[in-house]
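Engineer: Protein chains in written order, with our numbering: chain A, 1 to 664; chain B, 1 to 453.
Think of the hints as simulated: they come from the structure by calculation, not from any bench.
Do not take every clue at face value.
Unchecked claim - Dumping the calculated BS3-like pairs for lysine-lysine here, alpha-carbon to alpha-carbon at most 25 Å: (1) A:11 / B:18; (2) A:15 / A:57; (3) A:14 / B:207; (4) B:18 / A:203; (5) B:207 / A:241; (6) B:18 / A:254; (7) A:241 / B:36; (8) A:502 / B:36.
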Amino acid sequence: MPYLGSEDVVKELKKALCNPHIQADRLRYRNVIQRVIRMPGVQEYIQQPILNGLRDKASYVRRVAVLGCAKMHNLHGDSEVDGALVNELYSLLRDQDPIVVVNCLRSLEEILKQEGGVVINKPIAHHLLNRMSKLDQWGQAEVLNFLLRYQPRSEEELFDILNLLDSFLKSSSPGVVMGATKLFLVLAKKFPHVQTDVLVRVKGPLLAACSSESRELCFAALCHVRQILHSLPGHFSSHYKKFFCSYSEPHYIKLQKVEVLCELVNDENVQQVLEELRGYCTDVSADFSQAAIFAIGGIARTYTDQCVQILTELLGLRQEHITTVVVQTFRDLVWLCPQCTEAVCQALPGCEENIQDSEGKQALIWLLGVHGERIPNAPYVLEDFVENVKSETFPAVKMELLTALLRLFLSRPAECQDMLGRLLYYCIEEEKDMAVRDRGLFYYRLLLVGIDEVKRVLCSPKSDPSLGLLEDPAERPVNSWASDFNTLVPVYGRARWATISKCQGAKHHGPELPNTASFATSGSLIPEENKETIQELPDSGALMLVPNLQLTAEYFEKTWLSLKVAHQQVLPWQGAVHADTLQMALQVVNIQTIAMSRAGARPWKAYLSAQDDSGCLFLTELLLEPENSEIQISVKQNEARTETLNSFISVLETVIRTIGDIKS
Amino acid sequence: MISQFFILSSKGDPLIYKDFRGDSGGRDVAELFYRKLTGLPGDESPVVMHHDDRHFIHIRHSGLYLVATTSENISPFSLLELLSRLATLLGDYCGSLGEGTISRNVALVYELLDEVLDYGYIQTTSTEMLRNFIQTEPVVSKPFSLFDLSSVGLFGAETQQSKVAPSSAASRPVLSSRTDQSQKNEVFLDVVERLSVLIASNGSLLKVDVQGEIRLKSFLPSGSEIRIGLTEEFCVGKSELRGYGPGIRVDEVSFHSSVHLDEFESHRILRLQPAQGELTVMRYQLSDDLASPLPFRLFPSVQWDRGSGRLQVYLKLRCDLPPKSQALNVRLHLPLPRGVVSLSQELSSPEQKAELGEGALRWDLPRVQGGSQLSGLFQMDVPGPPGPPSHGPSTSAPPLGLGPASLSFELPRHTCSGLQVRFLRLTFRPCGNANPHKWVRHLSHSDAYVIRI
């Protein structure tokens, strides 16, 4: 809200502005122009003083006047752009004073906001590049940011610019170094080796910032290290010691460092990193120790044996907050890496005494239910839970208990029958929570139908190793985040930034929303580079496939036979097909599977269908011939529309390539 | 582009509030920031926070929050750098940065902000340019007097008193009053190193990391040139060789942009014309290869009787500094297993102190002479459930939750890398008869000195 000064103040200001020689006293001039932003009543008075100021001899006055132009424009509030003023500002880019030059850029950027900001053409870009050394660090950082929008015409020019920028990578100011790095990454987007080179050179400054005395700078640097690690996992592996935590650091830095350690682990440093992480598990702060345990769980997906051993040792501590997290980690681990089931089952007995919270109890009960046949005392542990079910406060634990006990009943009926009866009785007759009661009733009726039916419902797979690979964020190419480098995006984290910008976008009705939303479901499945190619397609970029399309096999067959093949393509493929994984992955992008050959069949076939929001049907056949390592895709379409067909194929291709990469 | 800038005290009271753009809602933003900061869930970082479409970015400096708000997606590095530069500037102009000095110098701070930022854009932060525009005199709480030697700092212990700068000397404003000509010509040069070390339980060195800085605080009139001569055997990078013997090696060096390096290659001389105020001339890092031995070695032995819950820790601390040097304010911090109650101690000298607090043992040694050895024997009871019966009744393996030990200390007149300032020459001729005073200090202190047990 603008501050409306008293009448006297406004009058005084107007009087000052009417003085034709106001810029003679530079401090007074600045004070007057600075106050203008709060006084909406003086618009018509400021134009002349500002125009005079732009041509003043004193550079200080010119600096104030140039920014005054932006203030004046914003005061008017309309989008009317004064062409003469803009031209004058463009010509002032050649000013002697470096601060005037930078202020001109800032001012033009604000005035021309509606038209996409200040235009950086070739002469301006080269003029700015040549003036760079005269600027102070703030000016350099800002100009580097403006140069991002310049597109060099030729390769030669590009490398000339990069040569000029080289010295800024050595600057002592982290802001300038990061600005220069970003410009390098963006300009050299077609030259991956140049990008890698730059990231190697920025390693030193980044690591220095990571161990800087300023906590805040350290944090920002760590976030950027993580960003780089997403694309180049080995980039900081030899510097892993720099990311060890010290006890005096604040919590948020420790958490970032643990994440970084988790990501840079490789064969050479895994031993040292795990040893360090184990030290954190017994930290005084419960939050930090839990984060460390989860980190070990994350590393366990690749280095299972060592990690499971450490986690088992931690159970020996008999600390509540540690045991509960370890058990949760075990649960996730067993699901992703079935080879460690044996070790986990041996570690579990005895944990139940040290778990009090809901999450931990659920995890333990789940493990006992699913892998109960390998844990000798599983029924007796569950029996304790059944005994105490009346005093149990969390409904989620009770539901988990019902499922687990029923599962265990299938493998060890003699030991479980009695307590299953008691538990069902309690849940149906006495339980207040509706969800639990419903679950109890459901299982009761299921049991009435017969044991085979129960088996069919409950005996789902006990692990799914492919899930972990799907969950893992695929390696992103540098180009996918180059434009986010040295901004707030890595500092907030991509996920949080998405919610923040969504909030803002909703408020401003930003045009970029639908585009991202249509692919939000596909999430990490589609590597960024492909996403870009999809979005670059004209208009049809937002291909929207309808979720939950219901299509009967008969209808599919009829349509399939009546249509011609619109597109045919082969993709490389190795080994057999993991049907579940493929099906799940396709479902994520709203492509339904109609039918599939059984695993191992030769030739292997699958039929898929999808429909976009305009009603256009895509029918697809995947054919895997036994002799050649290729998968053949044939797509049919009920309306001939090439652009949607192209988008559909690129989506499909991405999924198949992703799954194929996982297999090989 | 910054929308607002404000300074909060550690309790959240706004000391300074400045709105640069006039477009964002009032002073309660500062209150909103503090509420967000205190109500933040543990796993989120407070450095960057957002509310509606406004981002808050802050640094903590000497107990104050310096906060900037912006609505653009700007470079976090530049903004954090600006905030810390502002902190230095305010320190330079007000003497030192603190709640008291800020609230005494509100007018000066606003004047500075007016010059540094216009419409939310950085104009200049150089002391030299700002000096022309800042009119307000700083209000200093204690007038500085050279005879006020009652509070002699770290270095007053052994040297002759006349050679020692009083500890408050460096914390005076850049623009002291114009009548006070006698104290004007002073220059302070500090070589400060932060040491972070990790030693494994078998005594092998896992990590050594030295972060060094040469800091200059100058009160000389502008335009005077300073030449700083560093040790000639100073080498940068792994391959360079200089002088005889091992030399003094660092991995990476970066200089302030105003430093002239024409004599650096040949004679290791840095030449610069500093503006008044504080300035980091050079930063360097060194990891893994350290020429000199580490300042401290710890030899722990732990006896742990599971049956009775008795824990005996014997710590022997050896200081490997040269005999003439000493370490000050040494403190050893040893986390203990949960639930430790009683402590009995036998310490090797009376000035030491040990106590339990926050689940850890704290052993304070005010002064440790180089080459000396100190020891402490601590006995504690760890109640609670005895260990699982599968283990033997008594093992020497330490219980989990014990350690790692971390040391904090200061080493005056010692640099771990071995870097020394050979000379500090001024090419400026003072107009008055007073010769400029030059103070050179070397100091190392611990950042994280961790010894696993």
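Engineer: Looking back at the hints listed earlier, which ones does the structure fail to meet?
Structural biologist: Failing hints, ascending: 3, 4, 6 and 7.
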